[in-house]
Amino acid sequence: MISALWVMIALSVLLGIVLGYAAIRFKIEGNPLVEKIDAVLPQTQCGQCGYPGCKPYAEAIAKGESDINLCPPGGDEGIHKLADLLGVEYKPFGGDAQPKAKAVAFIDENTCIGCTLCIQACPVDAIVGAAKQMHTIIASECTGCELCLPPCPVDCISMDKIAEDISNWKWQHPVIIPIQAVA
Amino acid sequence: MFSSPFISQPSSVSQIMLRVLLALIPGIAFYVWYFGPAILVSLTLASITALVTEALMLKLRNRPIKPFISDNTALLTAWLLALSIPPLAPWWLIVVGTAFAIAVSKHLYGGLGSNPFNPAMIGYAVLIISFPAPMTHWITPHSVDGMSLNFAAQWSYIFSGMLPSGLTLDAVTMATPLDTLKTQLHLGQSVADIRDMPIFGRLAGHGSEMVAAGFALGGLYLLFTRIISWHLPVVYLGTLFAVAGLFHVLDPAHYVAPLFHWFSGAAMIGAFFILTDPVTSPTTQKGKIIFAAGAAVLTYLIRVFGGFPDGVAFATLLMNICVPLIDIYTQPKVFGKKGAGK
Amino acid sequence: MRTLFSFHGGVHPPTHKAESTRTPIALAPIPSKLIIPLWQHVGNRSVPIVQVGERVLKGQKIGRPEGKLSSAVHASTSGTVSAIDMQLVAHHSGLPDLCVTLIPDGRDEWISHVGVDVTHTSHAELRHLLRKAGVVGLGGAVFPSDLKTDAHHHQIKTLVINGAECEPYITCDDLLMRERAQDILRGAELLRELLQAEEVLIGIEDNKPEAIAAMQLAVTQAGYRNMEVLCVPTVYPSGGAKQLIRILTGIEVAAGVRSTEMGVQCFNVATAYSAWRALAHGEPVLSRIITVTGNVREAQNFEVLIGTPLDELIALAGKQADTNRYIMGGPMMGIDLPSGTVSVTKATNCIIASSLKLFPPPAPVMPCIRCIRCADVCPADLQPQDLYWFAKSNNFGKAQEFNLADCIECGACAYVCPSNIPLVQYYRYAKSEIHERSVEKLAADKARERHEYRQFRIEREKTEKAERLAQKERDAAAAKASFEAGLAAAENAQQQTINEAIERAKVQAATAHALNTDALTQEQLAKIAEVDARRAKMRELAATAGADDEPPKS
Amino acid sequence: MKRIARSTLQTAVNLAFFAVIGTAILAATFSLTHEAIENTIEAEKLKLISQIVPPSQYDNDILRDVKNVPADALLGTSAPTIAYIARLKEQPAAAIIEVVAREGYSGDIRLILAIRPNGELSGVRVLAHKETPGLGDYIDIGKSDWIKGFDGKSRITWGDAQWKVKKDGGQFDYMAGATITPRAVVKEVNQTLQYFALHRDELFAPTTVSAITTVTGDSK
Amino acid sequence: MKLTEIKAIFHNGLWKQNPGLVQLLGLCPLLAISNSAVNAISLGLATTLVMAMSSGAIAPIRSYVPNEIRIPVFVLIIAVLVTVVQYLMNAYMYGLFVVLGIFIPLIVTNCIVLARAESFASKNPPLASALDGMAMGLGLTAVLAVLGGVREIIGKGTLFSGIDLALGESTQSWVIHVIPDYHGFLLAILPPGAFIGLGLLIAGKNWLNLRAEAKQHSKPASTPMVGEAAQG
Amino acid sequence: MTDYLLIIIGTVFVNNIVMVKILGLCPFMGVSRKLETSLGMGAATTFVLTLSSGASYLISHYLLGPDLAYLTTLSFIVAIAGIVQFTEMVIKKTSPDLYQVLGIYLPLITTNCAVLGIPLLNVQANHNFIESLLFGFGGAVGFTMAMVLFAGMRERMEGADTPAIFKGTAIAMITAGLMSLAFMGFAGLVK
Ligand SMILES: Cc1cc2nc3c(=O)[nH]c(=O)nc-3n(C[C@H](O)[C@H](O)[C@H](O)COP(=O)(O)O)c2cc1C
Ligand SMILES: Cc1cc2nc3c(=O)[nH]c(=O)nc-3n(C[C@H](O)[C@H](O)[C@H](O)COP(=O)(O)O)c2cc1C
Ligand SMILES: Cc1cc2nc3c(=O)[nH]c(=O)nc-3n(C[C@H](O)[C@H](O)[C@H](O)COP(=O)(O)O)c2cc1C
Ligand SMILES: Cc1cc2nc3c(=O)[nH]c(=O)nc-3n(C[C@H](O)[C@H](O)[C@H](O)CO)c2cc1C
Ligand code: SF4
Ligand code: SF4
Ligand code: SF4
Ligand code: SF4
Ligand code: FES
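For the protein sequence lines, the chains are E, G, B, D, W and R, in the order given.
Under this note's numbering, residues 1 to 183 are what the first sequence spells out, in order.
Under this note's numbering, residues 1001 to 1342 are what the second sequence spells out, in order.
Under this note's numbering, residues 2001 to 2554 are what the third sequence spells out, in order.
Under this note's numbering, residues 3001 to 3220 are what the fourth sequence spells out, in order.
Under this note's numbering, residues 4001 to 4232 are what the fifth sequence spells out, in order.
Under this note's numbering, residues 5001 to 5191 are what the sixth sequence spells out, in order.
Hints may contain errors.
Facing chain W, from chain D, some residues (calculated, C-beta under 7 angstroms) [stated by the list, open to error]:
| id | residue |
| --- | --- |
| 1 | 3011 |
| 2 | 3015 |
| 3 | 3018 |
| 4 | 3020 |
| 5 | 3022 |
| 6 | 3026 |
| 7 | 3033 |
| 8 | 3044 |
| 9 | 3133 |
| 10 | 3134 |
Here are the simulated lysine-lysine pairs, BS3-like style, with alpha carbons at most 30 angstroms apart [claimed, not checked]:
| id | chain 1 | residue 1 | chain 2 | residue 2 |
| --- | --- | --- | --- | --- |
| 11 | B | 2431 | E | 81 |
| 12 | R | 5167 | R | 5034 |
| 13 | D | 3143 | D | 3089 |
| 14 | B | 2398 | E | 100 |
| 15 | E | 91 | B | 2441 |
| 16 | E | 63 | E | 81 |
| 17 | W | 4123 | E | 91 |
| 18 | E | 170 | G | 1286 |
| 19 | R | 5093 | E | 63 |
| 20 | E | 63 | E | 91 |
| 21 | W | 4205 | E | 91 |
| 22 | D | 3153 | D | 3045 |
| 23 | R | 5092 | D | 3002 |
| 24 | E | 170 | R | 5093 |
| 25 | E | 81 | E | 55 |
| 26 | G | 1286 | G | 1333 |
| 27 | B | 2462 | E | 132 |
| 28 | D | 3143 | D | 3164 |
| 29 | D | 3045 | D | 3143 |
| 30 | W | 4215 | W | 4016 |
| 31 | D | 3164 | D | 3148 |
| 32 | B | 2462 | G | 1333 |
| 33 | E | 91 | B | 2431 |
| 34 | R | 5167 | B | 2431 |
What the hints contain is simulated information worked out from the structure, not anything from laboratory work.
Predicted model only: the values in this text are computed from it and were never measured.
A virtual CB, placed ideally from N, CA and C, is assigned to each residue, including glycine.
Using the sequences provided together with the hints, build the complete structure.
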C-alpha cells in the first residue's frame, strides 16, 4: 500500500513537472486556425450566419461554438471546404439558410435623398456619395450582402441579379441522360 | 446540348468483357477434359447467381438494369470466381460467394467501375476463410486414379452432398498440387520425392498444368487484341519466376522450380485475367509494374511461407489496397514537363 | 532529310476529306444580311464605333479594339447598319452577344485601302497594322496575331506554319494551300521577318499530297532560303500547335509557357495568308475560306464574307431535308450550333451539316472502367480517367493537381472511350468552375481588405474623436507632452501600414477592375461611363468639403 | 524563471494529489478482491484438471503438489513448465503436464495431458491453438470429441509406429482435408509419453512443501 | 433536472449522437468483442458503468484541475474506475473476464469515455454528466448487442452462447440455436465481419434517417384534405 | 537479429494492429479522410507509441515489479497521457500546421487503444526492452500503413457512385472490413 503510493506519487510528480514546465515553455498565443477559416469564407460580411461578419464567424467556428453550415454566400462549396479544413463530416445547410443567386445592389437615382445611411451600413465601402448628394454603388465592389437595404428610409435600393451572358457563362456538369437501353 | 467530339470509335464495355469471356474458353475446355464437366455446373450456377444479384442490386440502387446487366461484367466475375473454387463444392458455396462478390464488393461501392477490390477475389477470400473445408476438396483428375466421377455423380454431389456408395470423399478429391507440395514438405520430404507422386505432371499438377496453359493461351489473345497491356502479366510472371528461381537455386530440395509456380494454382489465370482487371489495377505504366511485382512477391510468400495453399487471391486483394496510392505516386510527367524534348 | 519527332497518343478517325476537295474554292455571293459579332477573338470584346442607320463601306472599321488584348472588326461589304444588338452567336453557351447587323447594298464598295512596303516599314508599325486589320489566328484559336508576332526579346529559331489540318472533314487550309500557296509563303516570310526567326518549317499532313506539292513548288519557285515544307504523319491532333511544334522541332511547350520562350512560334497557313493580304494590300480580314460539308448536296469550300448567316451558306451547298443540326469546326472540337441563324466568324473554318445517319446520337454512357484507352491516346500525356473522376465528383483541387490545365480539349480521349463518356465536357466544366473560383477568391480577398480598412477607419475616427476631447484636457496638463509624442510615433507607424494596405488595395482593385470590365455590354459600358462622370464630380465635392474618409479606391 | 518553477511545482503537486487518491482506492480494491481472485483462478484450474482426471481419482491438494519441468524438445516447450501430480492415498494417480505441439497448421498447439503411472493416457485437452476455424479446430473439445480418442491409450496399446493418423498408416482418425493438425497433436502426445517413460519416477517422487523438486533436464 | 433534458440526453446517447454509429468512437471493443451477444452485452454494460461513474466523478472536480494536466487527471480517474471493475470481474465473473481479456483494461482508452468527459462532463453538472455517460454507454451497448447478436447468428447459428460465463452454469440451457445444423459463416465472427456488420448497421441508420426525413417533407402534401379530395 | 526482423514483420503485416488486432480504430476511421492528415497522425502516433512502449517497460520492470502489478493500467495510462500532452504542446509550438491538421485527434491519441494496448500486450508477452520498443514501433508503423492506405482508398471512393445510405462512414467501414479480409492473407507467414 505504502510502496504503491510512493510509486504513483513519484510518477505523477515527474509528469507534473514536465507538463507544468512545458505548459509555460511552449505556450502559444492566437489561433492560426481563425485566419485559415476566414480565408475560406466569402467575405460578404452579410451577417446571415448570425455573426457580425465573416471574421467573428470564423472565430466562432475555431472555438467550436458554431457549425460550419451557416454561411449562405459561401454555398455548398464553402461548407465542403470548411469540412475539409477542419477534418469533420460535410453537412448540408443548417436552419433556413439557403444560398441565393448572386446580385449587386442598385440605387434608384430619382428616389435617393442622400441620407448617407447606406454608406454607413456597407461593410466594404462600395457606396460613394456625400451628404444630400445622390449616392451610387460601385458594382464591381459590391458583394451583394444586402446590408444597405434595411437602413434606406426611402427604399431606393434594390438588388439586381447578375445576368448570365457569354462572358460569365459556365459549362454545366454534364447531366448524363438517364441511360436508356437503345433497343 | 451536345459537346464535342461528335464522333467516337465503335467499341463498348460489353464487347470488351465478351472478349475476355471468350479468352477463358481454352482454359475451361482443358478443365472439362481433365476434370470432368462439374466445372460447367459451377460456371452456370455462378452466372445465374451473378445476373440475379446484379439485377436485384441495380433495382435497389434505382439504376437502369438492361444496359448494366448486358455489360457482361457480372458474368466475368462469376466465371473467374467459379474457376477459382473447387468444382465439386456444394452449390450453396458458389451461390454465397458470387452473391457476396457482386452485392457487397461491387454494388455497395456503386457498381461497375467504382469497386476498389476485385470482386471475384473477394468472393474467393470470403469462401476460403468461411468454409475452408469444402474449399480444399479439389477434384482428382481422370487419369490419376480410376475412381473419377461421371457427370451424374458430380451433379448429385454438388446438389446433395451424396457420393455414390463405396466412394469416400478422400478417394475422389485431393488437395491441390500446391497444397500437397506444402503438406509433404512439412512432413520432411524433399521436392524430388514429392514430384514423383502420381498427381504431378511434367511441369506441375497433372491436368491442372494444361488448364493453366489454356488460360495462358487465352491471355495471349487478350494481349494481341490489346485488351490488356503487357505490363501486368509479363512483370507478374517474371517476378514470380525470379523469386521462385532464387529460392530454388539456393535450396532445390525445399523450393520447387519456378515453372512449377507458373503452372500451379491461379498463377496463369491471375496474370492474364485477374490482376488485369482494369477497374482494380493501377492505370499508369509504372504503377502496373509495381502492382504486378508486388503481387508476385506476395503470391510467392503466401504460397511458400503462409497459411494458404495459393496466394494469388490474397496477393491481388492486398495490392488492390495499394492501388490508389500507387496511382497517385506514379503519375507520368505531362507534355512539356519531361525535361529535354527528345 | 530532317528527322521528325512524334508525340504520345493520337487517334485516326476517318477523315472524310475527299468529299469537299473535288472542286476549287468558290466565291460565296454577298448574302442578304450580315450579322457581324463584335467578339470574334480572344481578349476584350471590341467596341462598336458605328451608329444604327449609318452607311458603311467595305473594309470600314466598325468595332475598335478595347485594351491591349483585343482586335478590330470590319464591315465585310458596303451597306447600312440596321441594328447593333444581342444576336445568337456561334458559342458553346448558345447565348446571344453583341453584333452589328449590316444590310448589304450589293455594291461591295471598298473604303480606300493601300498596302505598305513591308520591307521598309518598322516592325512596330507592321504590328499596329495587323491589329488595325483585325488579323487573328485563323487556325481556330483567334488570338490577335499582332501580339503573337512580338517575341518579347526571346530569340526565335523556328517559325512553324501549320498546314496540318488534322481534323476530319475540314479542307479549307488544304485548298488554300493548293490555290494560294504563293501568298501564304509571302505571309510566312513576313511573319518570319517580324519574329526574326531563322527558319520556317511548314508542316502538312501526308494525306494532302496536292497541297504539299503546291507548297513545295512555290518554295522552290520563289527560292526562299531556310524554308522547308515537311510532310507529317496523319494522326489527330498533329495540327495542335504544341503537337506540331513537337513533331517538327522536338520541342515540348508546357502549359502556361509561351512557345516563344522556347524559341518557336506557330501560325496557321490562313493566318499567314491574311497577314500578307492585310499588310501588302491593306485588306482587313473580311472573308475566309470555309468548308461546307457533311449532309449537303455538294460539299465544297467557299470564300465567305464574315457575318454571313449559316442558312444562306448552307443553301449554296444544297441543304438536305434530314439535316438535324450544324457543327461549326470539325467533329472532334467543333461547336454544336443552336440554329441556322448564327453567322460565320473569323474562327469558322468548317460547317458540317449533320444528320442522324452521319452523326448518330451518342451511345448510352457507362461508368469508366479505367481501361486507360484514353490515357493511351492523350497527346498531353494526361490521365483522362483520373481527371474525369475528379471533375465528376467536383474535386477540382485534385483535378488541378493532376494537370487539368494541360488538357487541350482535343477530344481524342472521348473518341476512344468504350464507355462513351463525354470526357471533354467534364474537363470544360471543371475548368470553368476553377476559373470562377479564382475570380471569386480575388473578389473575396478584395472585400476582406476593404472591410478591414473600413473597420480600421471607423476605429481611427473613434480614437480621433476621443483624442480631440482628451486634447483639451491635455492642453491644461502640458506636463504630459512627452507621453503624447510617444503616441504620435505609434500612430505614424500605424498610418504607414494603412497606407500600404491602401496601396495594395488600389493595385488589386485596378487589376480586378480590368477583369470585371472584360466583357460588358454596350449598355453597361455606357452606364459605367455615366457613373464615372458623376462620381468624379462627387469626389470633387467631397474634396472641397475636406472629408478624408473617401474609400481607398478612386 | 521563478515563476516557471513555481507553477511547475504546483502542477506536480496537483497531479500527485489525484494520483494518491486513485492509488489508495485501487490498493483498497486490490486487497479486498485479492483473495477472491486467487480462489477463482484455482477453481478454474481444478475444473480443467477434472476434465482429464476425475476428482474421484485423487485426494491430494493437487495445485500444491507440483514439479518444475524444464524446457524439453520432447515436450515442445521452450520455457520451464509445471507438472501437477495427482495422488490417491499417497499413491501416484496421474501426472498432469502442459506441452506444446509445434507442427500445427498455423502455429503452436498447447495441450494438457494427464498420464497415469502405467503410461496410459487419462485424458488430453487443447489449451490454445490457432488452427483454421472450421477445418483444423476439431481437436477442440468444444467442436468435436476427437480429442477423447486418446483416452486410455498408451504406448503399449499401440506401438510408436502406429501413433499416426490413419492416412499415414496409423490408428488415429482425422477429418478429410485437414491432416496436418491431427498429425501434430498425435506426434506430440506420443512424444510426451516417451518423455514420461524417461522421467516417470522423478515426476511421482514425493513433494516436500519447502523445496519444489525439479525434474532433470534435457532428455535428448 | 427536467424530464425533457433527461429525454434529450438519452435520445442523444442512444440515437442522435450514438457513439458507435455516429460519433464512431469506442470502435475497438465494439468491433473486437461483438462476435457473440453475451460478450458484447457484458462489455457494453461494464463500459456503461465506467462511463456513468467517470462522467459523474469528473464533473464536480473539473474546475479544480489546471488545464495542462486535465487529460492526465481525467484518464487517471477513468483508469482507477476501470481497474476496480476489472478486479471485481476477475474475482466474481472469471470466465467472462478471460473472454473479454485485454479489452477490460482497454475501457480506459475507449475513446468515448474520455470524449464524453471532455465534451460533456467538463461543462455540465454531475448528475447530468452521469446520465450522459450512462446514455452514451447504453447507446454503445445497444449497438454492441445488435452487432453481437447478428454476428453470432450468422457466424455460428446460435444466440447467447457462453451465457453461462456471465450468469453461471445453470443458464447454459438458455443458449438459443437459431439455425439448427448450421455450417457457420465464419466471416461474420472474424474481424472482417465486424467491420462489414457495423458498416451495414450505419447504413441502416442512414436509411431510417432518410426515410424519416422524407416522411417529414411529404407530410404537408398528404393532408386529409387532399386525401378526401382524392376519394371524392 | 532475425527475431527482431520477425517482430517487425509480424506486427506490421501479420498481426497488423488495426486490421487484425482491431485496436486504434477511432483515429483510423476519424483521421483517414485525407492522405496528408493520415500521414501526420501516423507520424505522431508512431512517436508516442514507441516512446510509451519504452516508458511502460521501464515502469513495469523498475517501478512496479510483480507486487504492484495491479497498478499497471493506472501507471501506464498516466505516463502515456503525460507523453501525449507533452507531444501535443511541442507540436503546437513547433509546427502549427501539423497541429492544425491533427486537430482534435492529437489529444485523442491518449485514447487510441493501441497506445495502451501495445504496452499491455508487451507485458503479457514478457518482451524485453528492445522487443518492447520494436513491438511498439512495428505496431505504430502497421497502424500508419493501414491508415495511409485506407486514406488513399477513401479519397478515391469519394468520386464513386456509392448508394446514398452507404456514402461516408458506412462504406468506409465496409472497405476496412474488406481490407482486413485481405490482411488475413498474411496469416501464418510469421508463426
Ligand atoms: C484466386 C484463385 C485461386 C485458386 N486457387 C486454387 C487452388 O488453391 N487450388 C487449385 O487447385 N486451383 C485453384 N484455382 C483454380 C486454378 O486456376 C485452376 O483451376 C487449376 O486447375 C488449379 O491448378 P492446381 O491444381 O495446379 O492448383 C484458383 C483460381 C483462382 C482464380
Ligand atoms: C487539338 C487541336 C487541333 C488543332 N488543329 C489545327 C489544325 O489542324 N490546323 C491549324 O492550323 N490549327 C490547329 N489548331 C490550332 C493550333 O493549336 C494553333 O492555335 C494554330 O496553329 C496557331 O495558329 P494561328 O494563331 O495562326 O491560328 C489545333 C488546336 C488544337 C488544340
Ligand atoms: C485456408 C486453409 C486453412 C487450412 N487450415 C488447416 C488446418 O488448420 N489444419 C489442417 O490440418 N489443415 C488445414 N488446411 C488443409 C491443408 O492445407 C492440407 O490440405 C491438409 O491438411 C492436407 O490434408 P489431406 O492430407 O487430408 O489432404 C487448410 C487449408 C486451407 C486452404
Ligand atoms: C481484362 C479484364 C480482367 C478482369 N478481371 C476481373 C476479375 O479478376 N475479377 C472480376 O470480378 N472482374 C474482372 N473483370 C470484369 C470487371 O472489370 C469487374 O467486374 C469490375 O471490377 C466491376 O466493376 C475484368 C475485366 C477485364 C476487361
Ligand atoms: S454569412 Fe455573411 S457574414 Fe457570415 S461568413 Fe458568410 S458571408 Fe460572412
Ligand atoms: S452596396 Fe449594399 S449590397 Fe453591396 S456590398 Fe454594400 S451594403 Fe452590401
Ligand atoms: S477510355 Fe473511358 S472507360 Fe476507359 S479509362 Fe478512359 S474514361 Fe475510363
Ligand atoms: S481532351 Fe484533354 S485529356 Fe482528352 S486526350 Fe485531349 S488533351 Fe488529353
Ligand atoms: S476505442 Fe480503440 S481507438 Fe477508440
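Here's how the hints hold up against the structure:
1. This hint holds: residue 3011 of chain D has a C-beta 6 angstroms from the nearest C-beta of chain W, less than the 7 angstroms allowed.
2. Given the 7 angstroms rule on beta carbons, the hint for residue 3015 of chain D holds: about 5 angstroms separates it from the nearest Cβ of chain W.
3. Taking 7 angstroms as the C-beta cut-off, the interface hint given for residue 3018 of chain D holds, the closest approach to chain W being about 5 angstroms.
4. Interface hint at residue 3020 of chain D: violated, since its Cβ lies 11 angstroms from the closest Cβ of chain W, which is beyond the 7 angstroms cut-off.
5. Here the hint on residue 3022 of chain D is kept, as its CB sits about 4 angstroms from the closest CB of chain W, short of 7 angstroms.
6. Checking residue 3026 of chain D against chain W: minimum C-beta separation of about 6 angstroms stays under 7 angstroms; hint holds.
7. The restraint placing residue 3033 of chain D at the interface with chain W holds, with a minimum CB-CB distance near 4 angstroms, inside the 7 angstroms limit.
8. Contact between residue 3044 of chain D and chain W, as hinted, is supported at the beta carbon level, the nearest pair being about 6 angstroms apart and thus within 7 angstroms.
9. Among the interface hints, the one on residue 3133 of chain D holds; its C-beta lies about 5 angstroms from the nearest C-beta in chain W, closer than the 7 angstroms criterion.
10. For the restraint placing residue 3134 of chain D at the interface with chain W, the shortest Cβ-Cβ distance is roughly 5 angstroms, inside the 7 angstroms limit, so the hint holds.
11. With a C-alpha separation of about 18 angstroms, the suggested pairing of residue 2431 of chain B with residue 81 of chain E holds against the 30 angstroms cut-off.
12. At most 30 angstroms may separate the alpha-carbon atoms for a hinted pair to count; residue 5167 of chain R and residue 5034 of chain R meet this at roughly 16 angstroms.
13. Of the supplied pair hints, the one linking residue 3143 of chain D and residue 3089 of chain D is violated, its CA atoms being roughly 36 angstroms apart against a limit of 30 angstroms.
14. Proximity of residue 2398 of chain B to residue 100 of chain E is assessed by CA-CA distance (about 27 angstroms); at most 30 angstroms being required, the pair is judged to hold.
15. Taken as a hint, the residue 91 of chain E and residue 2441 of chain B pair is honoured in the structure, with Cα atoms around 23 angstroms apart against an allowance of 30 angstroms.
16. Taken as a hint, the residue 63 of chain E and residue 81 of chain E pair is honoured in the structure, with Cα atoms around 17 angstroms apart against an allowance of 30 angstroms.
17. With a C-alpha separation of about 25 angstroms, the suggested pair residue 4123 of chain W and residue 91 of chain E falls inside the 30 angstroms cut-off, and the hint holds.
18. Restraint check for residue 170 of chain E and residue 1286 of chain G: not satisfied, since their Cα atoms lie roughly 36 angstroms apart, outside the 30 angstroms limit.
19. Restraint check for residue 5093 of chain R and residue 63 of chain E: satisfied, since their Cα atoms lie roughly 18 angstroms apart, inside the 30 angstroms limit.
20. With a C-alpha separation of about 18 angstroms, the suggested pair residue 63 of chain E and residue 91 of chain E falls inside the 30 angstroms cut-off, and the hint holds.
21. At roughly 16 angstroms between alpha-carbon atoms, residue 4205 of chain W and residue 91 of chain E fall within 30 angstroms of each other, so this suggested pair holds.
22. A distance of roughly 24 angstroms separates the Cα atoms of residue 3153 of chain D and residue 3045 of chain D; the hinted pair therefore holds under the 30 angstroms criterion.
23. A hinted pair counts as satisfied when its Cα atoms are at most 30 angstroms apart, and residue 5092 of chain R with residue 3002 of chain D qualifies at roughly 24 angstroms.
24. Under the criterion of a C-alpha separation no larger than 30 angstroms, the hint pairing residue 170 of chain E with residue 5093 of chain R is inconsistent with the structure, at around 44 angstroms.
25. In summary, the hint linking residue 81 of chain E to residue 55 of chain E is supported, as the alpha carbons are separated by about 16 angstroms, within the 30 angstroms threshold.
26. For the given pair, residue 1286 of chain G sits about 12 angstroms from residue 1333 of chain G by alpha-carbon distance, which is consistent with the 30 angstroms threshold.
27. For the hint linking residue 2462 of chain B to residue 132 of chain E, the alpha-carbon distance of about 24 angstroms falls within 30 angstroms, and the restraint holds.
28. A hinted pair counts as satisfied when its Cα atoms are at most 30 angstroms apart, and residue 3143 of chain D with residue 3164 of chain D qualifies at roughly 21 angstroms.
29. Under the criterion of a C-alpha separation no larger than 30 angstroms, the hint pairing residue 3045 of chain D with residue 3143 of chain D is consistent with the structure, at around 21 angstroms.
30. For a cut-off of 30 angstroms, the pair hint linking residue 4215 of chain W to residue 4016 of chain W stands: about 18 angstroms separates their Cα positions.
31. For the given pair, residue 3164 of chain D sits about 16 angstroms from residue 3148 of chain D by alpha-carbon distance, which is consistent with the 30 angstroms threshold.
32. Taken as a hint, the residue 2462 of chain B and residue 1333 of chain G pair is broken in the structure, with Cα atoms around 58 angstroms apart against an allowance of 30 angstroms.
33. Taken as a hint, the residue 91 of chain E and residue 2431 of chain B pair is honoured in the structure, with Cα atoms around 26 angstroms apart against an allowance of 30 angstroms.
34. Restraint check for residue 5167 of chain R and residue 2431 of chain B: satisfied, since their Cα atoms lie roughly 26 angstroms apart, inside the 30 angstroms limit.
Consistency with the previously given hints fails for numbers 4, 13, 18, 24 and 32, ordered from lowest to highest.
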